[in-house]
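K.L.:
Single-letter residue listing:
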Amino acid sequence: MNSTAPPPVLPGALPAMHGGPLHGAAPAAAILRGAQSFGSITDKISGIVLAPRTPRWWLVAFAACSALTLVFFGAIGYLFTEGVGIWGLNVPVVWAFDITNYVWWIAIAMSGTFISAVLHLTRQPWGASISRFAEAMTVFALAIAGMFPIIHLGRPWFFYWLAPYPNVMGLWPQWRSPLVWDFFAILAYLVLSLIFWYLGLMPDFATLRDRARRRGAQIVYGLLALGWRGEARHWQRRQSAQMLLAGLAVPLVVSVHSVVGLDFATGNTPGWHSTIFPPFFVAGAMFSGFAMAMTIVILLRRAFDLGEFITDRHLDNLAKLILAMGLVLAYSYIVEIFMAWYSADPYEIYVTLNRMRGPYAPVYWSLILCVVVVPQALWSRRVRHSPRILFGISIIINIGMWLERFMLIVTSQHRDFLPSAWGMFYPTVWDWAILIGSIGFFGWLLLLFVRFMPLISMSEMRELLLHQQGGA
Amino acid sequence: MKAGAGPHGLLAEFSAPAALVQAARAARGAGYRRMEAYAPLPVEGLIEALESADERLPLLALIGGIVGGVGAFAVQWLSVTAYYPINVGGRTPAWPGLVPSSFEMTILGAVLAVFLGVLLRSGLPRLYHPVFNDDGFAAASNDRFFLCIEAADPRYDALQTRQFLEQLQPLHVREVDS
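As they're listed, the protein sequences go chains A and B.
Just so we're aligned, residue 22 is where the first sequence starts under my numbering, counting upward by one.
Just so we're aligned, residue -8 is where the second sequence starts under my numbering, counting upward by one.
Possibly wrong hints are sitting among the right ones.
[Stated by the list, open to error] Computed footprint of chain B on chain A, listed as stretches where at least three residues anywhere in the stretch have a Cβ under 8 Å from a Cβ of chain B:
#, stretch
1, 57 to 68
2, 159 to 168
3, 223 to 237
4, 245 to 251
[Claimed, not checked] SDA-like cross-link-like pairs, simulated, lysine to any residue; straight-line CA separation at most 25 Å:
#, chain 1, residue 1, chain 2, residue 2
5, A, K65, B, A129
6, A, K65, A, Q490
7, A, K65, B, A7
8, A, K65, A, D337
9, A, K65, B, G127
10, A, K65, A, I417
11, A, K65, A, A324
12, A, K65, A, G237
13, A, K65, B, F155
14, A, K65, A, Q239
15, A, K341, A, I417
16, A, K65, B, R153
17, A, K65, A, T296
18, A, K341, A, A365
19, A, K341, A, I410
No lab work stands behind these hints: they were computed from the structure.
Ideal placement from N, C-alpha and C gives every residue a C-beta, glycine not left out.
Can you build the whole structure from these sequences, using the hints too?
P.N.:
What follows is the structure, given as structure tokens:
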């Protein structure tokens, strides 16, 4: 740069005086904090990526996650050589950790793109600082979720039979199966999430390209930026595209998790065969996704000292969303219990009572504690403003949501119609290895993301700053 | 960089988005047509000042959605009626079970059409562009705002255009090699 004029410092601490179109009625002062200028935003966020030294905590965390990633892929490798017999599942419980993990991960994936799409459509300015890594969370969690239906197959190498393609066997997928719908739903959601994420990243890659000092970084970010140069027309097209994708994402998100709900609801197994499943699954997905977003927000804010961009207001808003979704979920539990009684169907009633009093009762009551009772603490303003407590609650919620899926999946199968066909499920070490390994792999992907990509959108922060100054 | 036939144009650098919008409007008013504005963020009012808004993407999304949805439904319908009919108890093929996959593919078609539309209509990926020859242009992705009047403009004149840009009070005006 050969410019000599001083950088334009804009007094960022001033409260917003005009409600720009991005504002709504929100007090924008709480969204960005401290004296900020376009240059300081770029410096702060691109500095994380371009820093020559990798922080020590990152290396330690990366080593730990790499070890778990090896456990994950090692366990999958062993699974592929030995077959699903290494897991604890067997008739009558043929879906256990595999599908529990699948539903859990896909639920976490649900909210990232949803958060940024809805906040984009409703022009909520506070979304700008959290949307980037919420989208990253979606892409990674979805990629992991998509692995589970494949690895739970007896012959996983034939998974591509789900796709309709001309083949010499003359075979076609069973179109009326929700498992085939799942294939298309995950495919569409993965592509949309990736594109939504990438469109947001393009201008930031251009910034990194222009600021990188090392040749290798310049080439890599230059290729990723696709030659982005900030042309007015390109910005306008990108904005138009983001609006369209956001509009397409919302119904897609709802449909994807509804299809996951239908995987269960179309079976006649007691405890699954219920029309409430699709909306109930969507609510559960939002709930656990918001909780995971909260976990990651708090960790990143702490690790990279991002208090200027991610303020207490962000945490407060996320906590309120979690609370609202938790109430919808609690209502769904009550309706499920009521419908079991109201159906007068002895199998439905038995499954419901068995969940509360049977061999898996500790799982049921733990999940009620984690998912229904603990989140009620979020009514308190003091709790919503304490990152430590919020972090704890968000972890508890995600444990609870995993237990919920486990309870839903296993208890319905282990005692269905005929007592002679009842049985128990106990996990093996391989079940645990794949669950814990998948969490490590998720962390591994996230760590790579925060080290090599801007974890907050710089262009959106500049926009936010401009509007905070009171328009152009 | 190698010099081409002549300069690509004149590049004026501004420090604030409002100045860029004003400059674009003034240049438009002065009769310039072949120009580009560069900014590190989407600037409101800029595209209106340049009168170069692209309104095609929604149409592309619609077309992509129709192609995806109708295509997915057609594949499924042909497979259940012509290629692999399953006759269970004389029941005819039913369409409702084919809707979810068709819906997902409708969205996928629209998404791909939008993405390809953004890239192709913007002429991206294009890793080389004459404006990158300017040493200070890297600031266009950080905190500076640029207006480039291209030499290809019929009203372009190296001296007069420079004088015109100077009176808009930019930080600099520089010639860009093509």
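K.L.:
Each of the hints needs a verdict: does it hold here or not?
P.N.:
Going through the hints against the structure:
| no. | hint | in the structure |
| --- | --- | --- |
| 1 | 57 to 68 | holds (count 4) |
| 2 | 159 to 168 | violated (count 0) |
| 3 | 223 to 237 | holds (count 6) |
| 4 | 245 to 251 | holds (count 5) |
| 5 | K65(A) / A129(B) | holds (17 Å) |
| 6 | K65(A) / Q490(A) | holds (19 Å) |
| 7 | K65(A) / A7(B) | holds (20 Å) |
| 8 | K65(A) / D337(A) | holds (24 Å) |
| 9 | K65(A) / G127(B) | holds (21 Å) |
| 10 | K65(A) / I417(A) | violated (32 Å) |
| 11 | K65(A) / A324(A) | holds (13 Å) |
| 12 | K65(A) / G237(A) | holds (21 Å) |
| 13 | K65(A) / F155(B) | violated (37 Å) |
| 14 | K65(A) / Q239(A) | holds (19 Å) |
| 15 | K341(A) / I417(A) | holds (16 Å) |
| 16 | K65(A) / R153(B) | violated (36 Å) |
| 17 | K65(A) / T296(A) | violated (49 Å) |
| 18 | K341(A) / A365(A) | violated (37 Å) |
| 19 | K341(A) / I410(A) | holds (14 Å) |
Of the numbered hints stated above, those contradicted by the structure are hints 2, 10, 13, 16, 17 and 18, listed in ascending order.
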